[in-house]
Amino acid sequence: MRALGIINFENSNVNIGGLDDYRPAPAIAFLGRYRIIDFILSNYTNSGIDNVQVYCKEKPRNLIEHLGSGSHYNINSKRGKLRILYGEKSFSSPVYNHDVANYMLNMQYIEEDTNPYVIIAPSYFIYSLDFSTVLQTHIESHADITALYTSTNDAKVQFLGCDTLEMDKDKKVTGFGTNRGKKKANTISMEAYVMTKKLFIDLVKKAAETSSLYWLKDIIVDSVEELDIRGYQVRGYVACVNSASEYFRINMELRDRNVAKGLFKPGWPVYTQTNDSAPTTYATGSCVKGSVVANGCSIEGEVTDSVISRNVTVRKGAIVKDSIILPGAYIGENVKLDHVIVDKYAIIHHVKALTGTDEEPVYVKRRDRI
Amino acid sequence: MRANNMAAMILAGGRGSRLHDLTKKVAKPAVHFGGKYRIIDFPLSNCANSGISNVGVLTQYESVLLNAYVAKDQFWGLDTNDGGVYVLTPRERDQKGLDVYRGTADAITQNIDFLDEINPEYVLILSGDHIYKMNYEKMLAYHQMKNADATIAVLQVPLKEASRFGIMNCDENDMIYEFEEKPAQPKSNLASMGIYIFSYKTLRKYLVADDKNPNSNHDFGKDIIPAYLNDGRTLAAYRFKGYWKDVGTVDSLWESNMDLLKPGNELDLGDTSWKIYTEDVNALPQYIGEEAVVENAYITQGAVIMGEVRNSVIGTGCEVGRGAKVIDSVIQPGAKIGEGAKVTRCIVADNVEVAPGAVYGSADSESIELVAKKYAE
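Same order as they appear, the protein sequences are chains H and P. Just so you know, our numbering puts 204 at position 203 of the first sequence, and the rest follows in order with no gaps. Just so you know, our numbering puts 672 at position 265 of the second sequence, and the rest follows in order with no gaps.
Isolated chain H (complex conformation):
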C-alpha cells in the first residue's frame, strides 16, 4: 500500500482518570490482553501499511517496550519500519507539546518516506477498518482530504468532547463542531485523515506558522473552505476511549461476544505483545460468570461481569463484580470489589470493600498496596 501510517497522540480532551498518569493513552491495557494502540496498529498492518510512525506525547518507555520492533504486529522486518517518535526537545510547557510540534521536529523522517500518501489516526478510537479501501476511495474521489467519521445515536454518552463533522449531501465537510452531549444523534470525527504527503507537510508547516499552539486538526478546521474535505463513514463498531467512564463502559460492553464480533473479525487479527503466560487456573470453589479472563490468572474466588487481565490473582472468598483488573494485580482473601479499576500490580489486601459506579468507577493506583 502506498501510504505512510501515522499514529497521532492524544490531545488534552483525553483523560482516562489515573490510568494515563503512568503511561500514554495508547499503552493503556485493554480487554484483558490488549493495549489501546493494538487496534489502530493492527488495522494499519492488516491493510498492508508497512511503514508506521507512532508519535508519543510523553513517557515513551512503556510504549517502546510494548511496540518493540513491530515484528509482532506483522511489520516486515526488512521492507517495513516502525518508528516511535517523540519530542526530543524539552517543551517549555505542556501546551506546546502537540502533534504539529512533534511533526515539525521529526519532519526529516516524514519527508524521507517515499510513500505518496499519509494516513493519520489516533490510537484511542477503537475499530476495525481496511484502510486500503479508504485510500482507494480517497484517490477516486479526488478530494484533498478524506476524513473518517462515525454516526452515533448515543452521543449523549459516547464520544463526549469529540469533534463533529457537518457535511453536505455529497459528504463534503462544511464545518466542524464539538459533541457536548446535547443531542442523541451526531456524526463524530474520528480524527483520522487520508491525504497526500505533500498536502500533509504543507498543512503541518502552515499550522506551525499560524500558531505555536495549533494542532493538525485546528489547521484542518481553518482550511474547510479552501480544501475539498470529504467524509468517509466507518460502519460497524467504533468506540472512543477518552475518559475513565468510557474506558469502563467499552471494556464492559466488549465482554459480550456479539458486540465483540463487530471489532474482532475473521481474517483481521488484532496483534499485541504476548507474554507466554500459562493458561488460567480456576480452583475448586471458584465461581466465574459473564467475564473475560486472560491467561496466567489464578482464580479462587468469585468473579462476575468483569474483565480480568493476565497474571491476576483472585484469592478465596474475594468477590469481584463489574470491575476491570489490570495485569499482575492481586485481590486478597475476602476482598469485595464492585465497579473498581485496579491498575497493574496493585495489591488489595487490607481494604476489604471498594464500591464505585458506572459513571465513576473507583480507581486503584498502579503498584499500590492497600
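Quick caveat, the hints were computed from the structure, so don't treat them as lab data. Certain hints may be false.
[Stated by the list, open to error] Straight-line Cα separation of at most 35 angstroms, DSBU-like style, residue types lysine-lysine; simulated pairs: (1) P:682 / H:290; (2) H:317 / P:781; (3) P:589 / P:567; (4) P:431 / P:743; (5) P:629 / H:345; (6) H:290 / P:648; (7) P:594 / P:431; (8) P:732 / H:266; (9) H:185 / H:82; (10) H:317 / H:353; (11) P:589 / H:353; (12) H:345 / P:743; (13) H:266 / H:207; (14) H:60 / P:780; (15) H:206 / H:266; (16) P:682 / H:317; (17) H:199 / H:173; (18) H:266 / P:431; (19) H:317 / H:157; (20) H:262 / H:322; (21) H:183 / H:353; (22) P:589 / H:290; (23) P:682 / H:262; (24) P:648 / P:629; (25) P:540 / P:669; (26) P:780 / H:266; (27) P:682 / H:345; (28) H:317 / P:648.
[To be verified] Per the computed footprint, the stretches of chain H lying under chain P, defined by three or more beta-carbons under 8 angstroms from a beta-carbon of chain P, are: (29) 222-232; (30) 254-266; (31) 295-302.
For clarity, every value in this text was computed on a predicted model and none was experimentally measured. Here a beta-carbon is modelled for each residue, glycine too, at the ideal position from N, C-alpha and C.
Given chain H's structure and the hints, the job is docking chain P onto it.
Here is chain P on its own, set in the frame of chain H:
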C-alpha cells in the same frame, strides 16, 4: 547472549502409535498438551532457558506440520545470531539414494555433517516426547565435573515399575557400569530418561563405527551406550528430580493434563523463571458465560465456556455450548462441544465437533475415551 558450547539434537521422528488417532496426521511431538502447548515446546523451551542456541530437530513420521512449527525458532527465542532451530529430515544423498532414519543413533549419524559445521564440544541428545522442565546447563556442568565421556539423565522410579524402563546400574559415585533394557529383575531403580550429553569428538567416532556395523540397531540405548560400556568409557548418571512424564498413551496424556489441575503441581507452568514458550495465537481472552459453571479447570485463550466445566483442561479456541458438561476431560485446541452434550473422562482431539446432545465417556470407565471423529454424533 552468547551460548554455551553444546548443540542439542531432538529426536522427533516417532509416531507415538499408542496415541492412536491423535497422531494420525501429526507426529507425537506436535500433539497438544496443557491447553496451549505442544509436547515439543518442553525440550525446545528447556534448550532456550539453558542457554543452548543450536538445536537440530530430527523429524520423520508425518513431519509437515512439525517441520513448519519448529522452524519458527522465534517462538522460543531461539532465533539468535549464532544459532537457531534446524529441521533435519531424512534426505536423498549421492550414491545412497533416499534413506529413512533407521534408529535414534542413525538419525544423528546421518547428520554428522550438520554437527561438524557447528563443531560443538558437547552434544545433547533429547527426545521430543516428554513433559518436563530441566536445566541442561546444570547437567553439562555435572558432565564436566565427572569428566565423563557421556552423561545420562536418570529418574528414580518405584522398583516394582523399573522393569518397564531402561535401567542404569551404577556404582556409589553414580558412575554407570551396566545398562539393562527393561530387566525382568531390576537391580536398580535409576531409569534412563533418554537424555544424553556426549563429548562430541568421542561420540562421532562411535557413530561412524556403528554406521558400518551390519548387526547394529543404530539405537542409543541398544548399541551406542553398550559400546561405550564395553570399551570402558566413563558414563555418569545424572539424577533428575522433578516432574517427568512420557505421554505415550491416551491414558498417560490425559493423566499428565490432569496433573496440571492439582494445586501446587510439580510441573508449575506458571513459574516465570522457567517459562515454557509456544506459538503466539491471535485470539481473544477466554470468556466465561453468564450461566457457565467452571470449577477446578485449566483454560486458555480463545475458549468460550457457556456450559459446565469440571476437572478439565480446555485448549485454545475451544467452545463449550450452553448446557454442555465437560467432566474430567481434556479438550484439545479448536474442539467444540455442542449444546447439551456430555463428555466425561475423554480426550477430545483437535478441532473435533461434538454434536449437540451427544454423550461420550463415562465416570466409571476403566480407560480414557479418545473422541477423534471430525463430527462426533
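A quick look at each hint next to the structure:
1. P:682 / H:290: OK: residue 682 of chain P and residue 290 of chain H at ~29 angstroms, within 35 angstroms.
2. H:317 / P:781: Given that 35 angstroms is the threshold and the Cα spacing comes to 40 angstroms, the pair is violated.
3. P:589 / P:567: 12 angstroms, holds
4. P:431 / P:743: 20 angstroms, holds
5. P:629 / H:345: At roughly 54 angstroms apart (the allowed maximum being 35 angstroms), residue 345 of chain H and residue 629 of chain P break the hint.
6. H:290 / P:648: 39 angstroms, violated
7. P:594 / P:431: The hint is violated at about 38 angstroms.
8. P:732 / H:266: Holds, at roughly 28 angstroms.
9. H:185 / H:82: Between residue 185 of chain H and residue 82 of chain H the Cα gap is close to 41 angstroms, so the pair fails against 35 angstroms, i.e. violated.
10. H:317 / H:353: 13 angstroms, holds
11. P:589 / H:353: 59 angstroms, violated
12. H:345 / P:743: Holds: residue 345 of chain H and residue 743 of chain P sit about 34 angstroms apart, inside 35 angstroms.
13. H:266 / H:207: 39 angstroms, violated
14. H:60 / P:780: Roughly 53 angstroms between the alpha carbons, so the hint for residue 60 of chain H and residue 780 of chain P is violated.
15. H:206 / H:266: Judged against 35 angstroms, a Cα distance of about 38 angstroms means the pair is violated.
16. P:682 / H:317: Holds, because 26 angstroms separates the two Cα atoms, which is no more than 35 angstroms.
17. H:199 / H:173: The hint holds at about 21 angstroms.
18. H:266 / P:431: Status holds; Cα separation ~32 angstroms.
19. H:317 / H:157: 40 angstroms, violated
20. H:262 / H:322: Given pair residue 262 of chain H, residue 322 of chain H holds - Cα atoms ~24 angstroms apart, limit 35 angstroms.
21. H:183 / H:353: Not satisfied, since the Cα-Cα distance of roughly 40 angstroms exceeds 35 angstroms.
22. P:589 / H:290: 50 angstroms, violated
23. P:682 / H:262: 32 angstroms, holds
24. P:648 / P:629: OK: residue 648 of chain P and residue 629 of chain P at ~25 angstroms, within 35 angstroms.
25. P:540 / P:669: The hint holds at about 17 angstroms.
26. P:780 / H:266: Answer holds: residue 780 of chain P to residue 266 of chain H is near 28 angstroms, not above 35 angstroms.
27. P:682 / H:345: Holds: residue 682 of chain P and residue 345 of chain H sit about 21 angstroms apart, inside 35 angstroms.
28. H:317 / P:648: 31 angstroms, holds
29. 222-232: violated (count 0)
30. 254-266: holds (count 4)
31. 295-302: Coverage by chain P holds here, the residue count being 4 at a Cβ distance below 8 angstroms.
Checked against the numbered hints given earlier, the structure breaks hints 2, 5, 6, 7, 9, 11, 13, 14, 15, 19, 21, 22 and 29 and satisfies all the rest.
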